[in-house]
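As a plain string of letters, each chain reads:
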Amino acid sequence: MLNFKELEDKCFELRQTVLRMCLKANTGHVTSSFSVVELLASLYYRDYINHDSSNPNWDDRDRLILSKAQASPLLYAILADLGYYDKKDLDLFAQKDGPFGVHLQNTVKGVETTAGALGHGLGLASGIALRAKMDRKLFLTYTILGDGELYEGSIWESMKFASHHNLNNLVGIIDRNFLCTTDFTENLIELEPLDKKIESFGWNCVKIDGHNLNQIDDSLKDLRNRKSRKPTMIIAETTKGKGLKSMSHDPLFHGVPPKGQENIDKAKKELKI
Amino acid sequence: MNKDITQRDAFWDELYLRAKEDRNIIIVSADMGAPSLDKIRTDLPSQFVNTGIAEQNSILVASGLAKEGKTVYVYAIASFLILNCIEKIRVQNSMMAIPINLVGVGGGLSYPDSGPTHHLLEDLSIMRALPNFNIYNCTDSFMAKELVGQSIEHRAPSYIRLERQPIGHIYENQSFDFSKGFEQITKGNKSVLVTTGYMTLKAKDIISDNGLNVDIIDVFRFPYDKKGLASTLSNYDHIYTLEEHFSHGGLGSSILETLNENGVNKIVQRLDAGQESFCYTYGGREELQKYYGLGSDDILNFLK
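If you read the protein sequences in the order shown, they are chains D and V.
Residue numbering for the first sequence follows the working numbering, beginning at 1 and increasing consecutively.
Residue numbering for the second sequence follows the working numbering, beginning at 1001 and increasing consecutively.
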């Protein structure tokens, strides 16, 4: 398990890796990946996800359903770092003969689900968590949702279902970066007050700074104790493109790596690559 | 088994017996009931999950359960189960091949007086387009019962399309060759009608009541043994197809593809619901079928 200083360094390293992957492929969601770096890194490197890279289908592993699958380069980078496959595979991200592309696929070791179509992850995770209850399994099921995904009606169908079935082994994490594809969420159709809406669906809901490692840690550390029968939703307020000033919090940078030599150089300089 | 039982009840009665012996069999219902399903709900509550009228979530929850090894049946009105959920089904069950069983009641005009929202004349086409899917268009209640064993023993994404009302039967207690996917009901003539589901029963009555010299082949699974069916059809002078489904992509389309792929150069005459309109006609299934040119007289004239 990494300490906070080490984790901070790991986050920087992961951002470098994701940027390299996406620049090489000239595609990929850099900014959507960067908003969840601290969250995914905390889950994997602070040991909040029980897993075994030598036995990816271990039945007692915790499940991670990355519903916002556009953050796939980040998950691929983490899984390579944790020994699921060779780091060299990352060089072929979204390229000919490469093992994976822009969105997530379940054929990759350590990846639970193919994803890319939004509004799937929470319901799928609910089914998995329900199975754990049925079979008295103690693993947790995490799902990471984008805030743009919350416009999908199926999310709210699943939200009702999970609380009704007391799925306190289900943890949702919303990457609340306030940005969709073309505009800010509150300009499109307002989502706020998001915590109140989720609580009214029967969930525990906590709001944190999604880049603050201490706050992330605090939100994750008691989940296994299941102090409540309710499922938990963590609203992690983040910055889309965090770590790259030149691309952050700007609707223009959805789904693309830096383009043009000047922007590429600027991004590389910021991340020291 | 009672021959007048509905396909729906025959299916759930048999599944009840299996589920009693296997706690990994789970039923996910989008708030749909049936007398036989109520037994599962009351006797095996831990194996019965009601999602409410939320079909998309039903597919997702069922996929989560099936991904984890459960044998799962999702039950809803067929038009909503398929059309409201197609993208969920596509990703979870076709793309990832998570093996859930979609049990849809009310294919075709099985809900005649409920209006066109409840009619379903597109699903064979849509589901045939998805890789990795088995589509069972159930013919009668004997087959419905057998489909339970088939779905348990051959774990694969499946769409089981059931009739809502008792419609009679054509088979006796028998086993079905589901990998072949079709059954020759009658033999010996130079003309053959290839049909499916409810229309098999209807056509059989019309042919026998009117003494028509037309054989019948019942197609009950897609994909079926294409080579085998092409070979059988190559022996006939006249080939007819009949289905309670729109023209594009259903049984008739499938037969044309099958013959073409296997080099059988025969004219196929097709009778189906066309491709023009939805139907706001009421007064029972025969009235709706007349609207679509599929009434008893239409079929008789078609085959004469």
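Since the hints were made in silico from the structure, they are not lab data.
Careful: at least some of the hints might be erroneous.
Heads up, simulated SDA-like pairs for lysine to any residue below, C-alpha to C-alpha not over 25 Å straight-line [as the list claims (entries may be wrong)]: (1) D/K24 x D/P56; (2) D/K269 x D/N212; (3) D/K109 x V/N1132; (4) D/K109 x V/S1094; (5) D/K133 x V/K1304; (6) D/K160 x V/F1048; (7) D/K133 x V/K1020; (8) D/K109 x V/D1043; (9) V/K1304 x V/K1227; (10) D/K133 x D/D9; (11) D/K160 x V/K1020; (12) D/K268 x D/W156; (13) D/K24 x D/D9.
Hint by hint, here is what the structure shows:
Of the pairs offered as hints, the one joining D/K24 and D/P56 is violated, with about 28 Å between alpha carbons and a cut-off of 25 Å exceeded. Proximity of D/K269 to D/N212 is assessed by CA-CA distance (about 23 Å); at most 25 Å being required, the pair is judged to hold. Taking the CA atoms of D/K109 and V/N1132, the gap is about 22 Å. The hint holds against a cut of 25 Å. Among the hinted pairs, D/K109 with V/S1094 is consistent with the structure: their alpha-carbon atoms are about 20 Å apart, no more than 25 Å.
A threshold of 25 Å between alpha carbons decides the hint, and for D/K133 with V/K1304 the separation of about 60 Å lies outside it, so the pair is violated. Taking the CA atoms of D/K160 and V/F1048, the gap is near 17 Å; set against the 25 Å cutoff, the hint holds. With a CA separation close to 19 Å, the supplied pair D/K133 and V/K1020 stays within the 25 Å bound. Among the hinted pairs, D/K109 with V/D1043 is inconsistent with the structure: their alpha-carbon atoms are about 40 Å apart, more than 25 Å.
In summary, the hint linking V/K1304 to V/K1227 is not supported, as the alpha carbons are separated by about 28 Å, beyond the 25 Å threshold. Taking the CA atoms of D/K133 and D/D9, the gap is about 37 Å. The hint is violated against a cut of 25 Å. Simply put, D/K160 and V/K1020 have alpha-carbon atoms about 29 Å apart, too far for the 25 Å limit, and the pair is violated. Annotation: proposed proximity of D/K268 to D/W156 is violated, straight-line Cα distance about 40 Å (limit 25 Å).
Distance restraint check for D/K24 and D/D9: the Cα-Cα separation of roughly 23 Å lies within the 25 Å cut-off, and the hinted pair is therefore satisfied.
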